[in-house]
Structures are given as C-alpha cells and as structure tokens.
Amino acid sequence: MSEPKPRSEFRRMMRKLLRNPSAILGFSLLAFFVLVAIFAPYIAEPVNPQMLDENGKPMRLDNPYIMPVITWSSEPIPPSKEHPFGMIQGRDIFYGVVWGTRTAFYIGLTVTLISTAVGIVIGSISGYYGGWIDEILMRITDVFLSIPFLLAAMVLTTILGNGLDKVMIAMVVFGWMGAARLIRANILQVKEEQFVLAAKALGIKDFFIILRHILPNTIFPVLIQASMRMGSLVITAAGLSFLGLGAPLGYADWGSMLNFTRNWILGTSGSSMTYWYAVFYPGMAMVLFVLAWNLVGDALRDVFDPRLK
Amino acid sequence: MNALQGDLGWSQVGKEPVLKAILGRFPYTLELALYALFPVVGVGIWLGVKAAVKRDKFLDHFIRIVAIIGWSFPDFVFGLLVLMIFYSVLGWFPPGNLSLWAEQIVKSPNYLKVTHLLTIDALINGRFDIFLDALRHIVGPVITLSFLWWAYLLRITRSSMLEVLSKEYVRTARAKGVPERDVIHKHAKRNAMIPVVTVAGAMVIGLLSGTVIIEVIFNRTGIGQLAARAAVELDYATVLGTTLFYSIILVLGNLIIDILYAVFDPRVRLS
Amino acid sequence: MEKTPLLSVRNLRTYFYTEDGIVKAVDGVDFDVYEGETLGIVGESGSGKSVTSLSIMRLLDPKGKIEEGSEIIFNGKNLLSLSEDEMRRIRGNEIAMIFQEPMVALNPVFTIGEQIMEAILLHQDVDRKTARHMAIEMLKKVGIPEPEKRVDEYPHELSGGMRQRAMIAMALSCRPKLLIADEPTTALDVTIQAQILELMKELQKEYGMAIILITHDVGVIAENADRVVVMYGGKVMESADVYTVFKKPKHPYTWGLLNAIPRLDIEQERLYSIPGMVPDPLHFPPGCRFSNRCEFKENRCEIEMPDLAQVEPGHMVRCFYYKKVENIHNSSKVGGAK
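Chains as they are written, first to last, in my numbering: chain A, 1 to 309; chain B, 1 to 271; chain C, 1 to 338.
It should be emphasised that the hints constitute simulated quantities derived from the structure, not laboratory data. Each hint should be verified, as a subset may be incorrect.
Calculated lysine-lysine pairs in the DSS-like style (CA-CA distance at most 25 Å, straight line) [what the hints assert, rightly or not]:
no.	chain 1	residue 1	chain 2	residue 2
1	C	K24	A	K16
2	C	K63	B	K54
3	C	K248	C	K140
4	B	K57	C	K65
5	C	K205	C	K3
6	B	K54	B	K186
7	A	K16	C	K149
8	B	K50	C	K63
9	C	K324	C	K248
10	C	K149	B	K186
11	C	K65	B	K50
12	B	K186	C	K129
13	C	K141	C	K129
14	C	K297	C	K323
15	B	K107	B	K20
16	A	K81	A	K57
17	B	K54	C	K65
18	C	K205	B	K167
19	C	K177	C	K247
20	C	K201	C	K3
21	C	K140	C	K205
22	B	K57	A	K16
23	C	K140	C	K129
24	B	K167	C	K324
25	B	K57	C	K247
26	C	K63	B	K167
27	C	K177	A	K16
28	B	K54	A	K16
29	C	K140	C	K77
The task is simple: from the sequences and hints, build the whole structure.
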C-alpha cells in the first residue's frame, strides 16, 4: 500500500480549505440545501388544502413530488402571506422550490454516482489491461465525447420516451467518459509504481490489485471531478425539463416550473415585470444550487489536487 | 443507407424533408454562433490573462467570482432574465428573427440572398434598416450564449496563464530585460494559448448545444429550435437528422482546432 | 593592491513570506566579485544559493522580499535602489543569467534566432537584419554547427547540449560584464558538461567578464572557480580562494562536503556523508545553523551563531572551533571515513 497521507498534511489542507472564503460560502450553501431537502415535509407540508379528509383537515398527498393544484387560475398570482413566492399554473411556487431541492439532489447524486461508477469500471479495465482492450474502449469513449451532450440526451429521450427517469438514463449513458479517462490516466501512472509491481509479483489476482491497491490511490481526483460535474448535470437535467422532455408538468422540479413561466415572462402590456417572481424564485434556487457545487468542487480541487487546475 | 445519399426522411415538425428543413434553418443558427464566438473568445481570453497577472489581487477575485456565478447560471434562466429585462422592460431586443415589416421585405423575390445570414445579406442589399433590425433581434441570444462560455474560457485561460507564468522560460525572458508587458503578452500568452485551443472543442460543443435552448427562448427559427420541437413531439427522423448534422459540424470544428493547434505549437508542426 | 569589486553584496537578506511563516532563504550574505574572475557559490539545495542569484537580478517571485539594509552594489550603483525600468536595462545587458534546465529555460514557441535577437534588439541600437547577423555570429561562437540553419529552428529541435549553448549565446549576445550561471551543467551528460564549462571559460577570457558559478557540484567548482563561497542555511559558512578551500578547509561543513567526494588517490572503505539532512528552513536550529549536523559541535554552537571571521588574509570562516578541523589536517590527510 502507498503511504497514507500524514495527519498533519491532512490538517494543513483542511486549514487551507477553511481559510478559503469561497469554499466556506459553497459549503454553507450546500448545507442549507441539504437541510431544506431533509426537512422538506416540515417546511412545505405535503397536503392539498383544497381537499379535506373526514376530520376536516387537509388531505395528505399520495406523491409529495406532484405539486398540488390549489387554484384553477392558470395566471400567476403574486406573493402573499400564505404563498410567499406566489403561484403559477395554480400551484404554489414555494412548495415547488422546496420539494424541487429533493429532486435536484436526487437527479444530481444518482446520475453522478452511477455514471462515475460506470466510468471507473471502464477506465479501470482500459488502464489496467491496456493493449487492444484499451484501444477499443478509448475509441468508444472518443465517439461518445464527440456527440453534443444535450442533443444526445434528446435523441435518447425521444427513443425511450419523455420522463425524468429517461432523462437520467440518457445522462448516465452520455456522462461516464470524463471519469473513465481520468481513472485510466491515473492507473497508467500508478501501475508502474513499486507496490503494484510487488503485488503482481506475489501473484495476487488482477481484480484484487485494482480494488485494493490502485483505486484507493486514484479515487480522489475522480470524486473531485464528480463534484465539479454535479452543477452542470443539474443544469442539463433542468434544461431538458424546461424543453418539456424531462419531468412531467406539475412535478416539483425547478426546470419544469420555469417551463410554465415561459408563457408569462413577457408580462402584461403596460407593466412588464408583473410576473418577476415566477422566474426569480425557481431560477435563483437553481443558480444557488449549482453555484454551491461549483464553489465546493473548485475549492476541493485547489486544495487537494493542484494538478487538475 | 438512405442517410448516406442525403435522404434523412420526412420531418413531421418541419413539414418538409429533414435535410431541407435543416439546411433552410442552419443560417440562423450559424449567425448566432458566429456572433457569440467573438465576444466569448475576445473577452474570455482578455479577462483570463488579466486575472492571472493580478493573481490574488482584488481584480482577480472579482473576475473569478463573476465568472463562477456566470458559469453557475443555467442558460435558460439567464435567457429568460435577458428577455425580461431587455425586451419586456427596456424594449430594446425583441425575440424572433426579424420584425414583421423586415420579414416581408426579406421574403420578397427581388431581395438578394447571398449568404443567407440576415445581417450580412441586409448589408449586401444596402438595407441598413434591415441590418439594424436583424442586429436588434440577435443581441439577446448572443448575450445569453456568450455569457456562459466566456466564464468557461476565462477560467481555462487564467489557470493556463498561471502555469506558464511560473515556467522558467518566462524567467529567462525577464532575465534578458524584456519589459513586463512583452513578457506577458508575447512570451507567456503565446504558450498559454496552447491548452486553451485544446478545450476549444468542448466549447464548440457547448455553443452548439446552447443554441437549442436559446433558440427556443428567443423564438429564433434555427436548427436548435427545430430539434427541440421534434424531440418534444417524438419526431425521430428530425431529431436524428439534426443530431447527425450537429456532429458533422463538430467534426469540422475539431479539424479547424487541430489546424489552430499546429499554428500555436511548433512542436506539433513537425510530427 | 586594492581592487574595487565589480559586484559587492552586503548583508543580503531575502525572506519569503509564506502561509506557514517567514522563510529566511538568504540571511545576511556578503561577498565580492571582481572583474574577470569566476566566483563559485557552492551548497546543497536549500542553502540559498539560487535565491542569492535571483536577488541580484531582482527576479524573485512575489512572495520573496529583499529586506531593508541589504545592498547589492554593481559598478558603483546599488541595484536595490534602481527603478524597475533602470533594472530592466541592466538585465541581459550588463548582467546576464543562464539557468539549469536548457529544456525549459528556452521559450518553446519562438525560434532560437528570435530569442537571441530579442535580447540584442532590446539593448542595442541595431536593426533586425544586423541583429540576425549578430545572432548567427553568436551561435557560431558558442560552437553550434550550421548556425545559419539553426537560427531558424525551435528549441525542441536541438539537443540538450546545443540548447545550453544557445542559452549561452543569448546571455552573451550583449557582452555582459557579469554572467550568473545557476547550475549550468547539472541537467547535462558528463561529457557535455565538460564541453560547456570549457566554452564558458574560453568566452570569459575573450570577453573579460566575471562569472558567478552556482552549483552543488564541488568538482565543477574545483575546476572552474577562482574563489569559492560555501553557503549553508542562507548564510556564508566559508569563503576563500579555490586552492585554500580545497586544500585547507576550516569549516566543518566544507570539510564534510569535500570528504563526500569519491577520491581515487586515497583508499577509503566507505564514502563519507554528512549526517542528517538539510533542515527545513522554517526550523533551523538555534545558534549555528549547521550545529545539528556538525561533528565538532560544542554546547556553545547550539546557543550562539558565530560571526564570519577572517582567519587568515582572504579566508573567512563562520565557526568557533575551526581549529578542530585544522588539527585533523595536521594529524592525517584523510578525513571522515569512520
């Protein structure tokens, strides 16, 4: 095994991280979103105030991610005491923004985890075995990289059909290449080092060598890269929802809420900013969420892996 | 393979053959991408160099913060804001390709269409009013498309520039007595551009994908909007056709980048 | 007869203000360089020898500061009080520098000719055509074959030795009075090392310039320097003419360095090496900075830093107990080897 990084080194890096104001901002924003996601049922209770149960209390929603329709007016209604972010298409924007946080985490984390795992497997095989296996896998990677991501996702969703799960599948299929390349490059480097050669000489099986010796040494840059990709993944997913390919209408998803907004963006004649809240709140939620990940990824990269700059 | 003979099938969305639908709409997309490319490259590189030279000073922090915020803005959110402010409030930059009166003139048979790019054709026809009208319509999408990517280019340029500035040949240049201005703009910048050129490929992909959402928001009838409508209506032929077309453009773009690469790096020229 | 030195460095202190604290890379260094001579500065990495040379050129990175009270007098002018623009006119013109790695010290995107011409055009009032002729002349002078062809080649098209020759051509193109060579041959093969050093000697004779030769290689110093400064931990430990330093070193550190060289003339069982490692510059021992590795140390060495004192004309030593080293010379001609 390689030398574990001495504790003092780790502490020095943490100190550097905590002294970086943009890292602190990023981590605080992220913590805020995590709290919102965890406590969503308490912040925006998943009930339909229009439907009462036998006790006269509002009925709980079967699926809290489907925003309840509160009023039948499709025109946006400005913020009020009960609906602090206003309403659009008969739905409460505040509710959508809060539950949309969960959707954003769900999409971002699932896609990142699966696509990174796929990338690690492909990159490990390619890097460890080399030769023609490497050649073929890397050519495939090149082909996947040369297709514009958003368009590829659009092609796949038209084949699979629309929906959030289809969008996520498309994003995994076209999202593993970065991790694969990084892992491969790292493995090529580590492979020649003494401890791996020693393990090989001892006759340890390839699979265990990759698992025990190589991955722990290369996983860190991959994780940094994954955290940096979170932001753009969430943007792409929202973009697809915005185009009407992703989450169905009324789903608590920032992108599809903005899709509603499109029709109202130009306001009424005479007062053009009438519906500002319909863009502002879901839009800001998205920007801050992506910003949080970008700041965190940036800071991690600066501190832990200056080579990635 | 019919596709190889140029027959991509019938476009339900465009109500014409796919290839015809694409070629007819491509000039609008091309015009948008070209207008966006110049501010992105110019401003992105300029600010990236500035930030690197003023490393850790106020200007550097400021530029970086604006860039990372810009990079965090989803293009459709930014586009909606641009539309809201510059059209709804200020009334400067309307959506669409052209105003109605201009559209009618452009469609008339004796209006010359040489490049099919609205602004250029207007100048060729000597119609300065149409040129201005086309310009007014393209500014909003161009701002939106370029905002995201200058942030990207800025970051790449900055880090590449920082790396180059720590190289020994920069110290050699200083030890020769080269003025600081030339050290940066001659010795360092030439070298810093090499990695920047390599990410230009990713940028072309980004600009192209960006046109899809931006054309939808600003209601420009380019191939991006065609692809988006086709995808929503599950029009396979059109979606596949446009993706194929985008991929071809991408290959051409990468070819140009390879040539640029050789221009910037003499070490590549040999082999 | 008292000559005035071309360059005299007085109480040079260069500190780096890092996140972990102040690194006193150079901490009170004095030496003189006279016209036409070669001064060798020898020391391990981290001794401050390279920072000294960059301080003379005023080319430190932004974290490094030359402290108040330091003086670098060149040709009667204090370089530290010049404006940046005045300093720029001295760099490459009156003081030139060559670096360790010719691979990375030449700009890869410009031809050799362009890089030499740039120096000429900056400091001399000639047109491009003349500058090109001068560049070709310089390449011929440093022994590059087919200079008319080579002048238009890029650095990566030349071998390591050729690149270092091109570097020298660039540095000498304006006939500097002082050439600072920072590990000029370390990155090269041994045979090429000798050629490059020979070339520098010849050109020195022809141009009458002074050279500061910075290296960790004691052998290179022995063959090329007239006088030697031995540095350790940002301070000068010993300085004298080359003969004295090699035959009669008085500082335990110098003694250790010399004993670490394999010798053919004496039978040694094992090669000597100085015990321990160069301490991290943030944590020098109190007192004498060499005290934690010194084989001759006494209690006093751990409390008090000795001064650089003249022990005989032209021979300066920074040690309380240099007599101990002297005694070893007297008892046996072989040191170390225990």
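Self-check item: Index of numbered hints that the structure contradicts, given in increasing order
Solution: 3, 7, 18, 19, 24, 25, 27, 29
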